[in-house]
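Asker: Next come the chains, spelled out residue by residue.
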Amino acid sequence: MKTDVTIVGAGLAGLIASIQLSHIGYNVVCIDYEGEKGKKNDLRSTALLLPSINLLKAFGVWEQIKINACPMQSMRIRDLSDEKNITEVKFHAQEIAEEEFGYNVQNQTLYNNLVTFLKQSKNITVIHNDKFMNVRTRTNATFTELKSGLRIQSKLLIGADGRNSSVREKLEINTKTKTYNQHALAFKVKHEKSHENISTEIYKSGGPFTIVPLAEPKQSAIIWMDNTSKIHNIAKLDSTQFNSAITIRSGNCLGALSRISELTSWPVISQITKNTVKERCVLIAEAAHVLPPIGAQGLNMSIQDIRALANIIEGEEDPGSMELLRKYEKTRIRDSKLRTKLIHGLNLSSISNKFHAQKARSMAIQLIASSPKLRSFLIEKGLG
Amino acid sequence: MPTDQSIDQKEIKKFEQMAAEWWDSQGKFKPLHHMNPCRLDYIIKQIEIEFNRSTTNQNAFNGIDILDIGCGGGLLSEPMARLGANVTGVDAAAKNIPIAQTHAKQSGLDIHYKVATAESLLEDGKQFDAILNMEVVEHVRNPKEYIKTCAKLLKPNGIMICSTINRTSKSFFLAILGAEYVLRWLPKGTHDWKKFIKPDELLNMISNAELEVVDKRGFVLNPIAWEWQTSDRDMSVNYVTTSTKPY
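If you read the protein sequences in the order shown, they are chains A and B.
Quick note: to get this note's numbering, add 70 to the position in the first sequence (first position is 1).
Quick note: to get this note's numbering, add 1170 to the position in the second sequence (first position is 1).
Hints are computed from structural coordinates only; laboratory data are not their basis.
Careful, some of the hints might be misleading.
Said to hold, decoys possible - The calculated label-pair distances, taken between Cβ atoms and stated as ranges, are: (1) A/Glu384 x B/Pro1416: 25 to 31 Å; (2) A/Thr186 x B/Ser1224: 52 to 58 Å; (3) A/Met392 x B/Tyr1417: 26 to 32 Å; (4) A/Met392 x B/Gln1196: 53 to 59 Å.
Stated by the list, open to error - Some chain A residues close to chain B (C-beta under 8 Å, calculated; not the full set): (5) Asp112; (6) Asn210; (7) Lys217; (8) Arg221.
What the hints assert, rightly or not - DSS-like, lysine-lysine: derived pairs with alpha carbons at most 27 Å apart: (9) A/Lys217 x B/Lys1215; (10) B/Lys1386 x A/Lys397; (11) B/Lys1364 x B/Lys1215; (12) A/Lys240 x B/Lys1386; (13) B/Lys1284 x B/Lys1314; (14) A/Lys72 x B/Lys1215; (15) B/Lys1318 x B/Lys1200.
Each residue gets a CB set at the ideal place from its N, CA and C atoms; glycine is no exception.
Taking the hints into account, I'd like the entire structure generated from these sequences.
Answerer: This is the structure we're talking about:
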């Protein structure tokens, strides 16, 4: 089998990359190890920031997603780390001259829309339930070998296969990983009061408790980060105990909370690779960088990887040439390193009991304001 | 040249000794042995890719006809035969053939060795799936014609792996002054720098022979690990190309 680009991984990043690269004229083969059924229980949600939304708009998938998305107009950060001195700061999208910071979408919604869209694309082939085994590279092509024995020849291989990337392992690219003895717990809740499109991060030693508004005014997605053993214990509570625990942890800001989904839980890490490219191969998204789930960075960074790569290889005769891949790496690596460092720092300070909401606020603004237009605005305001 | 049956005991002994010399990784051919694992890895990988084989399987190269030009004592022919390939090893230097034959016999390998040049093989009419053309092209009189002849010896869809030395000032210092005179790795006069071939020149010859270049890279000596490695950038001294014959 022969194509222009092989993409390993059919998670959100792999799907968006497939659509984006086919959109700029390449034939794409996407390897989906889990198959569609495997992704039915992603309970997380993503705050898509404006640059990401612009990309989804460009290939016409955004309007459909927007129907089930919730605009993020305000964010508030509450600091409960010092019980005697509870502070709260709020900031509004207008502060950075936008209607909204972005939109919150459940990952499942995003995924379903992308799959529907992808099925209509003529130059994308998805191979379901097959596993990447090896890649061998020649000057003029990569050969990707799958468990079934199928072999795909392409000009470029993209590893979008997540934090435990097998592509990365085969390419012998090392990672620098930091662990925090901290787990994240994700689930959906309904609440008494309306969320009014405000997302709330409540800090207390151990980590943040983040309430992200969903399209329904009385439903939110929650990510609770805390010490690993504490998260394990919380996950074991029965539903009455659990609901009371989360209502208390939320500081009652939306009234009583009750969980309306399953739980997912994963260890919080921060991980970055030294290199992201090797002859005819490139790592994107979590294969290249994993951040703690704070500040809406993860998928937005991944989408920026995809956008940068697409901009660089668009219209090129050989999308896998080393010259282009180095250019890509140079474009992205500084940004990825900086964000990884910032979020790492933010997470460390959230774990300690000396957390400062004010500091978090300025860091959050810095991170959100990733477009040049916004950045210049912030510099004007003395915030950048 | 003497065949296996006609050589007497004294001759056999002599060849055994010479074979031992060829295969002594610390002896006269030490630099060749030093480079051999890297060359071998490269060759195996290219054959694996081309014929979709995996050397994690036994007899991975079963059914593949390989021609090793300039086989010397059989340093490449033998590992290919071990992987199950049908190997023909040829050398223009007649004295190498009984050495290689003797060693293959000691190793229990069935390899077809003979004194021949690429040109003389053409007359036999046999074609091969893979041709190993390692460090030969810089020694032939007319490289351009030689590569054309090699292309004719290839079956359609076959591959040729060809390595040689670049004509740069670095290669002059390393390959001639360094290897031949200073380190005395190789006998003086082994190489004629003027006959070295630049990558572009070799790639042109290959394209001229209607083969398609699919891979090119350098062999570089890592001075810390003191090991040869391939490099996708540095082709300034030793380098290798793989080309395929379109169907």
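Asker: A separate judgement is required for each hint: does it hold in the structure or not?
Answerer: Quick rundown of the hints versus the structure:
| no. | hint | verdict |
| --- | --- | --- |
| 1 | A/Glu384 x B/Pro1416: 25 to 31 Å | holds, 30 Å |
| 2 | A/Thr186 x B/Ser1224: 52 to 58 Å | violated, 38 Å |
| 3 | A/Met392 x B/Tyr1417: 26 to 32 Å | holds, 29 Å |
| 4 | A/Met392 x B/Gln1196: 53 to 59 Å | violated, 38 Å |
| 5 | Asp112 | violated, 35 Å |
| 6 | Asn210 | holds, 5 Å |
| 7 | Lys217 | violated, 13 Å |
| 8 | Arg221 | holds, 6 Å |
| 9 | A/Lys217 x B/Lys1215 | holds, 19 Å |
| 10 | B/Lys1386 x A/Lys397 | holds, 22 Å |
| 11 | B/Lys1364 x B/Lys1215 | violated, 31 Å |
| 12 | A/Lys240 x B/Lys1386 | holds, 21 Å |
| 13 | B/Lys1284 x B/Lys1314 | holds, 24 Å |
| 14 | A/Lys72 x B/Lys1215 | holds, 19 Å |
| 15 | B/Lys1318 x B/Lys1200 | violated, 32 Å |
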